[in-house]
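Visitor: Residues per chain, in single letters:
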Amino acid sequence: MIKIENLHKSYKMGSNSLHVLKGINFSVEEGELVAIMGSSGSGKSTLLNILGMLDGLDEGSYTLDGVPIKDLNETKAANYRNKFLGFVFQSFNLINYKNAMENVALPLYYQKVGRKERQEKALKYLEQVGLKEWATHLPSELSGGQKQRVAIARAMAAEPKVLLADEPTGALDSTTSYEVMDLIQKINDLGNTILVVTHEPDIANMCKRIVHLKDGVIVEDKKVKQVRASEYV
Amino acid sequence: MFDRDIWQEIFHSIKNNKLRTFLTGFSVGWGIFILVMLLASVNGMQNGFHSQFNDDATNSIFIRPGTTSKAYAGFEKDRRIQLKNDDVEYIKKSFPKDYEHISARMFKGTSARYKSETGSYSLQAVHPDHQIIEKTIVTKGRYINTNDLVSSSKVAVIGRKVAEDLFKDEDPVGKFVEFNDLPFRVVGIFTDEGDDNAERGIYAPVSTYQKIYGNTDNIDQIALTYNANYDLTKALEFSTRLENILKRRHKIAPEDQSGIRIWNYAQAFEDISSFTGVLSWIGIVVGILILIAGIVGIGNIMVFIIKERTKEIGIRKALGAVPGQIIKLVLLESVFITALSGFIGLLFATGILALVGPTMQSPAFTNPSVSFSTVLTATIILVVAGVLAGLIPAMKAANIKPIVALRDDK
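Listed in order, the protein sequences are those of chains R and B. Just so you know, my numbering puts 130 at position 133 of the first sequence, and the rest follows in order with no gaps. Just so you know, my numbering puts 416 at position 392 of the second sequence, and the rest follows in order with no gaps.
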């Protein structure tokens, strides 16, 4: 599903250049649930941003679902993102003046799905994350865990090939974190490919595979026995 | 553009960002409001000036005899020129196509008495045509007519003030009033747009006064209006011909300026027009300055709006919005707000003008109004300029990397 070869990325910080990713080789099969771990500054978020086409790469190649991702202009990147990827952010990034259902329906709008179908699908995915009754509530009326579930529903609504979650539990307490992870595991059980960036070992252990990043290189890549989040809920 | 979804997005965003919408809308509406008021004020001043001069017919010419300043054709200088009835007939015959109305004028001061009330007034003995030349408005009864002239009737049309002074609450029409102890029958009452002074006047038939004053056919002045279709050049050319022919008739040297004077309204009117022309240019220049201020204001708010929406734009892009869709969304919203509020400002200003305008009738300021097309043009310019001012930040925002936009903490 994802294939990355010899990926390099550096950022210019004034006159200095900061080499963040120093040759990453990495691939993900369909249906995997991968945790990308590392301390801050290890380059894990940068990797996720490149995978999410939110940021460009300097060197190397990136293939997503057999499509080489290169020479991206804004429009092309937007279309790929819409077609291939769903995002879950640490800070939820819901649009605060839209209610839960409208937030979930937004990626479908950019897929040019008709109004009626958008609403039906949005409600379906809200139901899947257990928030159907909250469909008409604004984000400000939801708890942190509920917001993240809405964000997951939104990411799923576009039916992406890969779901990218950047510290999805970073802003949540542990109980709510496990609820969110439980949801992510259930979505993975349905066959969706998911990448989770985290620095919390217990969250990482709820995935099927852990990739450890340190100073811009992969230092460890292992399969783990998945801990089911439902045990803690 | 007429995609229902994008409008729904826009209404949603407007509804949920009331302060932002209000700020944008207010600056546009206010700009248009001030502009309309300014143009209307300039217009009101112009109207004021024009109405000052509209008291008399604007195509009138006055002929006044004087004293010659040069010896000519065997006559010595300092000869007094006297106009006579024949002169009126002569002009009628010589310029049948050029004149419209013509009247002699004799000025006589007179004392007037009705019962115990007395007063002294200025009296003009005229022809019936004088009503049109002087734009006299008869509010009651009638003006001098041809019958009066033929039979030299002792009739008079009195001004509103004269009627008030002498007759108090009585109806003067049909009553007899004594002018210098001669009884005259009042046949009408007039008002004059010019001023109160004109309403202290009295009109009587010219033939009557010629009879009273020694059976002469002398007259003091001739007033006429020229063909209303004449433009300034033709009007001036006509008054030159008139002058030449009258000088020849009265044996006045062609270059003698004081023997006979012809005063053409067209000339004076032209001077006023050029003055009000300058006034309207000032209005246009200040209007453009206001528009520029409005454009800068809108541009400012647009930059602020885009800044505020950076994160939202980042989210939309992460969800698959292409830059074109972002630009369209932001611009359509601003076009909608600016157009709507421009229209509201327009409505407010025209509403106030409709309410206040008619009550403003001071001599220098009359009927302030503004042409709709001017204001519409200004509104369109403001909207288009506002959009252009917003286009640059909108494009910048649309091309910002989503990762940068999402990092924008707010």
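One should not assume that every hint holds.
Stated by the list, open to error - BS3-like mimics (lysine-lysine), calculated; alpha carbons at most 27 Å apart, straight line:
1) R:K73 x B:K425
2) B:K42 x R:K95
3) B:K42 x R:K80
4) R:K113 x B:K271
Honestly, the hints are just simulated from the structure, not real lab data.
Visitor: If you test the structure against every hint from before, which numbers come out violated?
Guide: 3 and 4
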